[in-house]
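Between the sequences and the hints, there should be enough to build the whole structure, so can you do that?
Sequences listed follow chains A and B, in order.
Each residue of the first sequence is one higher than the last, beginning at 4 in this note's numbering.
Each residue of the second sequence is one higher than the last, beginning at 3 in this note's numbering.
Mixed in with the good hints, there may be bad ones.
With the C-beta cut set under 8 Å, the calculated list includes, among others, these residues of chain B facing chain A [stated by the list, open to error]: (1) 24; (2) 69; (3) 70; (4) 72; (5) 114.
Pulled a few chain B residues facing chain A out of the computed Cβ check, cut under 10 Å [as the list claims (entries may be wrong)]: (6) 10; (7) 68; (8) 81; (9) 84; (10) 89; (11) 105; (12) 126; (13) 134.
If you're looking for bench data, these hints aren't it; they were derived computationally from the structure.
Virtual Cβ for every residue (Gly too), placed ideally from N, Cα, C.
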Amino acid sequence: MNRLFPLAVFATVFAVVYYGCFVFAFTPARFYPLIGEVSMQDLPRTAGPAMGWYTWIVIGSISALVASVVAYVVPKNAGEKFGAVLSWAAPLAVALWILYVEKHWFFDQAAQ
Amino acid sequence: MITVLLLIHGLAAVFLIGALTHQAIGVWKSKPAPSATFFQSLVNVRGMTYVNAIVILYVFTAIMGAIIYPLYVLDVKGSLTDAQMNSAIGAFEVKEHFAIVGLAMLPSYWYLWKKVPATEFLTSRRINTTLIAVLAWASFFVGHILNNIKGLI
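Shown next, in the form of structure tokens:
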């Protein structure tokens, strides 16, 4: 790729889709480290804790790849300036979103 | 084995934040200055030469983190939950997400440094670099503190 805009779209879609999957609990497959298995279904508690992190990364990266390929058709003159801003503004917004969503760990007394 | 992996993860993170900090400070330099003092030398680093190393170190550190993450879930997270250390658990939640946001930024970060002329999109290059540095520093702090609370042994 020789354009900034598709790469900025990649960063944006990856971050938004990845964290969106976490927030909305979209985890089609989970890894159970105790038994070392990946399962599409909820396993009983004896299987130990489940991890969705790898799934969200895969979904985010595939979505971002598709979106960045689509973004490649945008003419270079039209997208580069917007891409330059998007490349940092969207990740910054997602970082703030993360802090907002996760604040309950630090400030919610009911969770203590 | 896990101790070795954790050490490699930590050392790679140290190299990464060192390079990112140099670059992030240097990218805000507004005009050339003599390297007469320590700070001037720090500001005068050629950020362009750090880019590939930073991308490789970031990806390597993230892969190492992904390898040892299941052991954190099995060993450390359970202990933190039992001890009701919700702030520590939440800090790691933030770290795991911040690391991925930074990872997603690497292609555009690399492009801004390597393919865009130095005089163009300077603000974007500065903010991209600084944001990745902040995300890496936050992840490093959390990992270091959690390792102090309960290491992966």
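Hints versus structure:
no., hint, in the structure
1, 24, "violated (19 Å)"
2, 69, "violated (11 Å)"
3, 70, "violated (11 Å)"
4, 72, "holds (3 Å)"
5, 114, "holds (7 Å)"
6, 10, "violated (20 Å)"
7, 68, "holds (7 Å)"
8, 81, "violated (12 Å)"
9, 84, "violated (13 Å)"
10, 89, "holds (5 Å)"
11, 105, "holds (8 Å)"
12, 126, "holds (4 Å)"
13, 134, "holds (9 Å)"
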